[in-house]
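*Asks:* Listed here are the chains, written in short residue letters.
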Amino acid sequence: MSWMKKSALLASITSVALVGAACGNNEEGGAAEGDALSGKVVMDGSSTVFPIMEAVAEEYSAEQPEVEVTVGVSGTGGGFKRFVTGETDFSNASREIKEEEAAEAEKNGVEFTQLAVALDGLSLVVNPANDWAQDITIEELKKMWTDTSVKTWKDVRSDWPDEEISFFAPGKDSGTYDFFDEKVLDEVDIRQDAQLSEDDNVLVTGVAGTEGAIGFFGFAYYLENQDTLRALKVEGIEPTHETINDLSYPLSREIYTYVNNASLKDKEQVADFARFMNENAADLSEEVGYVKMEQDRYDENMKMIDEIAGE
Amino acid sequence: MALPNSEFKNTKNLMNRETVSARIKRRLQMNEIFKYIFLAGLVFALVVLSTLIYDILSKGAGWVDLDFLRNFPSRRPEQAGLYPALIGSIWLMFLIVPMVFVIGVGAAIYLEEYAPKNRMTSFIEVNISNLAGVPSIVFGLLGLTIFVRVMELGNSIMAGALTLGLMSLPIVIVASQEALRAVKMELRHASLALGASKWQTTFNVVLPSAIPGIITGIILAVSRAIGETAPLIMVGAATFISTTPSSVFSDFTALPIQIYNWTSRPQAEFQNLAAAGIIVLMTMLIAMNSVAIYIRNKYTNRH
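These protein sequence lines map, in sequence, to chains A and B.
Numbering follows our numbering, in which position 146 of the first sequence is assigned residue number 146; successive positions increment by one, without gaps.
Numbering follows our numbering, in which position 48 of the second sequence is assigned residue number 48; successive positions increment by one, without gaps.
These aren't lab readings, by the way, just hints derived from the structure by calculation.
We treat Cβ as the ideally placed atom computed from N, Cα and C, and that holds for glycine.
Check before you lean on any hint, since a few could be wrong.
Label pairs and their calculated CB-CB ranges [said to hold, decoys possible]:
1. Ala62/A with Asn204/B: 52 to 60 Å
2. Asp227/A with Thr51/B: 22 to 30 Å
3. Asp227/A with Val134/B: 38 to 46 Å
Make a model of the complete structure from these sequences and hints.
*Replies:* Here it is, written out as structure tokens:
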């Protein structure tokens, strides 16, 4: 029974892929320079990755104006929900795909490849009036974000003042929260009195307006608000372009896009877009506030793309 | 205190001149106080509204120009525009208005003019009123299941318009029913007495008198729909799209989605772009409402 279901699903996915290919460009072979492509490239997923992909799509449409590129922001989880059914060609993610999401994809016969596109540094920020805390350890972070008996900065480190702490964090649906959960909280629930918001600008305003506040979000939001916020060193290392780039900052993270292998193989415009993205992701991600990876990572990506798409 | 004479039995409830004038004075005072409380309510609303408008205009006005309307979104704020979102919202509006007009007014006419007044009808009416209060995201989920998946419309403008239309229908039906109910029975009776059929009466007498009220309902409902983000995100509307829609089955994005995206960006320039987007959205709504008000006034003068 389950075997039949599986094969039926496989068949339907294959037919979708075939129809997609038929809608796209019928010419065989790789995307040679100068070929006018058409068809659709459908992307959805993380709002963290969105600015990079918006920039890539913007540049790409100058090169291939007939290709319709759509980028949605359903969030990392929401994007994967559509991706594992084969609905989208790319799924942007600010964390790695979860086991249950990958299992769902396998059930639906969707094969995929993970492409890292850039780096981000989860930045711990405090109010500028906070002149005591300069650096903090992962251990201390875990304690203050999970243990509700921690009320003041003094409870975190005894030579810090008796100032009350307010907590600001991204919502639990965000990839940023998941990453913090994995690296710092160790799956322990975040404290109940932390203020959660899906909008990182709300967190910026919150920390900037509350003296004893601490919060965390992506590096880009810290970069843009350096005049109203101060970032803490984590384990003695400050988040900067350099420390994030060489991964020495402990809360550096890769951000990804996942590509559907069948789309990459059968839709010429998807393969072309994937190559274009990989070639330009480094510069464009820097331009929108992220940190580029080392060139060999992009070379690795390109090898994977070529392998699946066929040269 | 007992009074000696039965003639004066009820005078214990009477008051002397001083008490009367004191009480009247107090009533007049209360009158004044409430007048100022209500005035304060109005002033509060106006102050909030004008602060909002001032804030948006001061941030966004400098960013609204022809290029802003003609360009695609960009990572460079100076070059960014909302052309695809604007076109998407206009498509939505032109699809939603006729849809809710035909279905909404049709349903209202049936319920008011034709349906028997029984339990079933009132049960349906109660449910329609309840639907008007359902959060928009729920309609988004419904749209995703029915229009996107079952009817296989995909993440198209049609799927978005049907979802928003469905969301607006309860408000349109309730408002239209109210408008139809307000038409005087005498008008219907006069028409029927002259030999007109039920349909002739409804179409030529009742509907024209009710049109102003109906249009007001449609304005309110569609204005709300055009400003919605959540249901569109649910049905999979894109946030960035590199082309503009060519048919109702094209992928699309809409103004509120674009505005929401800009507000969530870290760079301050994008916040200004969001304000500029709000100005465009407001202008579009005001334009739409002006047309509706024009139609409404035309009919109000005739009847």
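*Asks:* Confirm or reject each hint.
*Replies:* Right, here's what the structure says about each hint:
| no. | hint | in the structure |
| --- | --- | --- |
| 1 | Ala62/A with Asn204/B: 52 to 60 Å | holds (57 Å) |
| 2 | Asp227/A with Thr51/B: 22 to 30 Å | holds (25 Å) |
| 3 | Asp227/A with Val134/B: 38 to 46 Å | holds (44 Å) |
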